[in-house]
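With the hints as constraints, model all of the structure from the sequences given.
Keeping their order, the protein sequence lines are chains A and B. Numbering follows this note's numbering, with no gaps: position 26 of the first sequence is 26. Numbering follows this note's numbering, with no gaps: position 69 of the second sequence is 1069.
Warning: the hint list may mix true and false statements.
[What the hints assert, rightly or not] For lysine-lysine, the following DSSO-like pairs were computed, each having C-alpha atoms within a straight-line distance of at most 30 Å: (1) Lys1012/B to Lys1063/B; (2) Lys1013/B to Lys1063/B; (3) Lys1038/B to Lys1013/B; (4) Lys1038/B to Lys1063/B; (5) Lys175/A to Lys1063/B; (6) Lys1063/B to Lys132/A.
These aren't lab readings, by the way, just hints derived from the structure by calculation. Please read all numbers here as calculations on a predicted model, not as lab measurements.
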Amino acid sequence: MMNMLEATQAVCRRLSDDVPVVASLGNPGLNLFNAQPGRQRNFYFRNAMGSASSLALGLATAAPEQRVVLLDGDGSLLMNLSSLASEGWRGPRNLVHICWDNRMYEMTGQQATATSGPADLAAIAEGAGFPKVERAETLAAFEAALERALAGDGPWFILAVVAGERAKRNPANPKSATGIRHRFMGELGA
Amino acid sequence: MSWPNTIVDVLKKYQVRHINFLPDAMGEKLLTLMRDDKDFDLLPLAREEEGVGVTCGQALGGKRGALLCPTSGIGNSLNALASLPIPYRIPVPMIIGFRGDLGEFNSTQVMMGQSLPEIFRSMRIPYFELKREDEVAVLTEGFLRLCYSTESPAALLISTQLAGWKE
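If you want it as structure tokens, here you go:
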């Protein structure tokens, strides 16, 4: 099964430095930092569970010429499923919504999420009107899906099935909310 | 000039282009003016909490947006407000139809509506209530100025005294 850090490293390898990346709280953000600590155009959530997909929709709406990549998690997305309907309806062509699906609330003790049962976030994204939906269970399949998403119009939804592993906490992980915001906006020149 | 036109003019003056909304009868009086106006980009949402994140994302991208919804929707948005725009210091103007207040016909709206001013006070979110036509321009402009100078959420409540209550 795919490892979230390795898949995040693949994202960082393929993205040019000018593409903004939004990461949901917990493992998606920790892995984003660990994959490429020097990467500047990253916005890290520290709470506001579920809101990463909405923030990415807002950013994609405000900057339609700029590709926007979102690293979401199954628990976060389940908390804000209505954001998929809003993304699908608005249909921003520049949005790449990647959802790591480890089928658990890993950070709080590996409690199961609904995707460990019958819930299928890729099917929900399709139903919400995403024109491009990919499902990847291996790193090779994920990299191929990512390649397509970075080459063509979206909005894209990529469900990446990953193992339930805890990301390493690095003492240098960004912690200051205002610091994260200032650096990100400074980088975007906004 | 009637209050919806005044609010729309001030929003234009401050280049608030992105209107992220859940509809209500009061908000519709603004939406109906903005729908065919190229100065506005309306983004319909399915839950008000989305509007907090969306408005933050637009601000990060260098554009001004606002959340338009009734009082019940702010109830749906509280942790997003508390943990995203407040600690990260991102301006989120909120234009709120005041349900659950003077003349409310639906008793189930009242608890959220009557609690909201106290919730805003406890969260240190400044709010201003539009009650009279002759105050709409200054309160709308002032709430936006404060929102951008503090880089934090601020709220404008449209009262039934101004807009009329729902029958």
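Verification of the hints:
Taken as a hint, the Lys1012/B and Lys1063/B pair is honoured in the structure, with Cα atoms around 13 Å apart against an allowance of 30 Å. Among the hinted pairs, Lys1013/B with Lys1063/B is consistent with the structure: their alpha-carbon atoms are about 14 Å apart, no more than 30 Å. Only pairs whose Cα atoms come within 30 Å are accepted, and Lys1038/B paired with Lys1013/B is accepted, the gap being roughly 14 Å. Taken as a hint, the Lys1038/B and Lys1063/B pair is honoured in the structure, with Cα atoms around 15 Å apart against an allowance of 30 Å.
Distance restraint check for Lys175/A and Lys1063/B: the Cα-Cα separation of roughly 25 Å lies within the 30 Å cut-off, and the hinted pair is therefore satisfied. Of the pairs offered as hints, the one joining Lys1063/B and Lys132/A holds, with about 27 Å between alpha carbons and a cut-off of 30 Å not exceeded.
Of the numbered hints listed earlier, not one is contradicted by the structure.
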